[in-house]
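*Asks:* If you want the building blocks of each chain, they are given just below.
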Amino acid sequence: MDTSPPDHRGAMDRPTRRLFLMGTAAMLASGALISRPLPAIAQTADSMAIAELVTGKTIDPALAKRAVDAITVTQPDYPQALSRLASFATEQGITDVETLKTADGFDGELKNTAKTLISALYLGYAGTPVAHTSDDGVQFVTYTQALTYRLTEPYTPIPSYSRQGTGYWAHLPEAG
Amino acid sequence: MAQDYDADVIVVGSGAVGSNAAYELAKQGKSVIILEAGPSVPRWKILMNFRNSGRHYDRNDAYPNNPWAPTSYQPGYIQNTGSFDMMPGMLKLVGGTTWHWGGATWRYIPNDFKLKSLYGKGRDWPLEYDDIEPYYTRAEYELGIAGSDTDDQSGTHAGQAYPPRSKPYPITAEAYAVNGQKLNDTLVPQGYSMCIEPTVRIHKPWDGRPACQGNNNCDQVCPIGTLYNGSIHADKAVRAGAQLIPEAVVHKIETGEGNKIIAVRYLTPEGAEHRLTAKYFVLAAHSFETAKLMMMNDIGNSSDMVGRNMMDHIGISMGFLCEDTQWAGRGPVQQATIMNWRDGAFRSEHSANKTSMANNNPQIDLAKSAIDDGLMGAELDERILDQSRRYMYLYSFFEQLPDPKNRLEPNPEWKDSLGLPGMKIHFDVDDYVKAGAVKCREMYRDIAQKMNPKVEGGEILYINDWENHDHLMGTMIMGADASDSVVNHEGRSFDHENLFIASVGVIPAAGVVNPTLTAVALAIRSADIIAKEV
Ligand SMILES: Cc1cc2nc3c(=O)[nH]c(=O)nc-3n(C[C@H](O)[C@H](O)[C@H](O)COP(=O)(O)OP(=O)(O)OC[C@H]3O[C@@H](n4cnc5c(N)ncnc54)[C@H](O)[C@@H]3O)c2cc1C
Ligand code: SF4
Chain W
1 MDTSPPDHRG
11 AMDRPTRRLF
21 LMGTAAMLAS
31 GALISRPLPA
41 IAQTADSMAI
51 AELVTGKTID
61 PALAKRAVDA
71 ITVTQPDYPQ
81 ALSRLASFAT
91 EQGITDVETL
101 KTADGFDGEL
111 KNTAKTLISA
121 LYLGYAGTPV
131 AHTSDDGVQF
141 VTYTQALTYR
151 LTEPYTPIPS
161 YSRQGTGYWA
171 HLPEAG
Chain F
1 MAQDYDADVI
11 VVGSGAVGSN
21 AAYELAKQGK
31 SVIILEAGPS
41 VPRWKILMNF
51 RNSGRHYDRN
61 DAYPNNPWAP
71 TSYQPGYIQN
81 TGSFDMMPGM
91 LKLVGGTTWH
101 WGGATWRYIP
111 NDFKLKSLYG
121 KGRDWPLEYD
131 DIEPYYTRAE
141 YELGIAGSDT
151 DDQSGTHAGQ
161 AYPPRSKPYP
171 ITAEAYAVNG
181 QKLNDTLVPQ
191 GYSMCIEPTV
201 RIHKPWDGRP
211 ACQGNNNCDQ
221 VCPIGTLYNG
231 SIHADKAVRA
241 GAQLIPEAVV
251 HKIETGEGNK
261 IIAVRYLTPE
271 GAEHRLTAKY
281 FVLAAHSFET
291 AKLMMMNDIG
301 NSSDMVGRNM
311 MDHIGISMGF
321 LCEDTQWAGR
331 GPVQQATIMN
341 WRDGAFRSEH
351 SANKTSMANN
361 NPQIDLAKSA
371 IDDGLMGAEL
381 DERILDQSRR
391 YMYLYSFFEQ
401 LPDPKNRLEP
411 NPEWKDSLGL
421 PGMKIHFDVD
431 DYVKAGAVKC
441 REMYRDIAQK
451 MNPKVEGGEI
461 LYINDWENHD
471 HLMGTMIMGA
481 DASDSVVNHE
491 GRSFDHENLF
501 IASVGVIPAA
511 GVVNPTLTAV
521 ALAIRSADII
531 AKEV
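For the record, the sequence lines run as chains W and F.
If you use full-length UniProt numbering, the first sequence corresponds to residues 1 to 176, in order.
If you use full-length UniProt numbering, the second sequence corresponds to residues 1 to 534, in order.
This list has only true hints and no planted wrong ones.
Result set (DSS-like, lysine-lysine): computed pairs, CA atoms no more than 30 Å apart in a straight line:
| id | chain 1 | residue 1 | chain 2 | residue 2 |
| --- | --- | --- | --- | --- |
| 1 | F | Lys368 | W | Lys115 |
| 2 | F | Lys424 | F | Lys405 |
| 3 | F | Lys167 | F | Lys27 |
| 4 | W | Lys111 | F | Lys368 |
| 5 | F | Lys368 | W | Lys65 |
| 6 | W | Lys65 | F | Lys45 |
| 7 | W | Lys101 | F | Lys368 |
Everything labelled a hint here was simulated from the structure, so no lab data went into it.
Here chain W stands alone, though its shape is the one from the complex (with noise of 0.2 Å):
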């Protein structure tokens, strides 16, 4: 049985140019040499470059973008916390998750942002889900497109777009 995941990998040589560029808009931000904000088109890159960084899969710009958004609703410091975690990885040259999580220094914070996002993009929501109330702040970021269903989808439908008719469930899936 194949339980590799399906082919997300590929692209990779995107991340690194982008997260230069976030990495130095972030340094200029931090140094307080530019005091004007970076234009939304330069931030929509960033958002996906680190996001690509992260996950080690090609993002939609328009998901990374969401993503970031509704954390950052749920987390307003979350913009200079990713780019500090931009700068980490520019400065020590990383460009893929599996250099990313054994790097040294990338814990703490660095760590707690990166997961903040691979959750947001793995999971559909930003924030912290609290049981039994309407109210808890949690931010909408995706259904089909969570990466957890990306992975899943050849083998089980995402709930409420089921294609597949009536019995299929009596049967392992083809894929698996």
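With the hints as your guide, set chain F with the ligands onto chain W.
*Replies:* Below, chain F with the ligands without anything else, positioned relative to chain W:
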């Protein structure tokens, strides 16, 4: 001079239970008004709300939560003072809470009606299985239930179809999902008693509902209308001539001569008040809301039992990994059921349990725990895929005994936009249940081992304690004696002869099976009685 009434019968609440009563009455030629606190919402809007929300762990989330008709998860609406956080899912819209449910539609077995006389615990019902059997059959045909005509559902009548039934299920049982079949094939040869859950999730078209496509979303919203909900009978009642008034929050009940109910008053979302009269009244506004409404009006409570004796099938659950690939989350959300502890002499010592496999898609939860554990990159994906392949989830219900101390009261310290009170609840899990859970945990460990024989002790991921299961019984308890019960075996108030309660809340002995079918059967029975009298 003959008195004019607005209707023969007013039904408060358009959930599965009230709508079935209303439909029966309308079908029998009675004029019926249904008053429903919530709005009428089309399925597609609920589905879009679901798909555009990140809050899928909150099953109320896709549904209207209005300031004049809050759901149970509106902050402050339900306040708990006991050791258990009684926070069931509860909806307010036409069709009620069965818009999201598992669809499990079991009958009680004959011994469930005689818990006190057989086992010395709790209460007996004021009626027996044979009294309700014909109404179970009618309810099963109204709701369109798929079930097995050969299974023993009691765990004590091996090789026999049990409990006895006067008519086959309207629809045959659906095929086991791969994981349910595997559980069955592993456990039954090793002494377990298993059966398939009777369900309103139908694998063949029935009464305008399409065959289930396995969307695995029953307890959020069925995207295609396979899964029965109360709005089906609200619609049928309207087609049979009933008047349905949505966004009508009943807040006052008036009594008159002979302590009969003469009128109810409702408020619109803007606060305008309307008064309606009828010959008979059926309160079917959910177990909690009905009790609250009765207490707000001091109705039917000479026994002081309204709101008391609250029971739920408080449960525990286990997530574990099997040896073989199963892919949980394909098809029905629940199905295979273990009945070893449903009935027997042990009920004089500890609670029975029903243990079922839930087949809800587990992947987001599994991914969350892997991310929380710090996994990233290839390791993260491998863990998600490995656990998703092998994950199984079992959950169990226990039989809480009726205890007047477990209760709800209106809470005037919290008010909705109409100035109506919230609820205060006190609930403790009883020792009878706690003792039952000890046995259940032993069974869990045994099953985890049998499903994963090569790993010593199996691979148990967690065992959770004390969960809500939204089966709210006892709050308008049925009994033979007016001094300790709210309604008689007909569902009629001991205090007001033209007032009936149609609710899961009348159930006096919880058993271990999901109770809504029983409430619908009792409501149809009450409707027959009312129809003869008006
Ligand atoms: C997630 C989940 C899964 C479940 N699964 C199962 C299952 O598999 N099997 C099972 O048997 N049960 C299940 N249940 C329980 C089941 O949903 C309830 O037992 C059932 O809905 C009760 O029906 P009802 O008609 O009494 O109340 P409801 O369905 O709650 O309907 C009551 C109606 O009354 C209205 N109302 C309330 N107050 C007023 C007022 N003052 N004026 C006018 N109208 C009012 C409400 O708006 C509502 O529409 C489940 C519940 C949940 C939350
Ligand atoms: S499994 Fe899906 S299609 Fe079937 S009843 Fe449930 S929600 Fe509807």
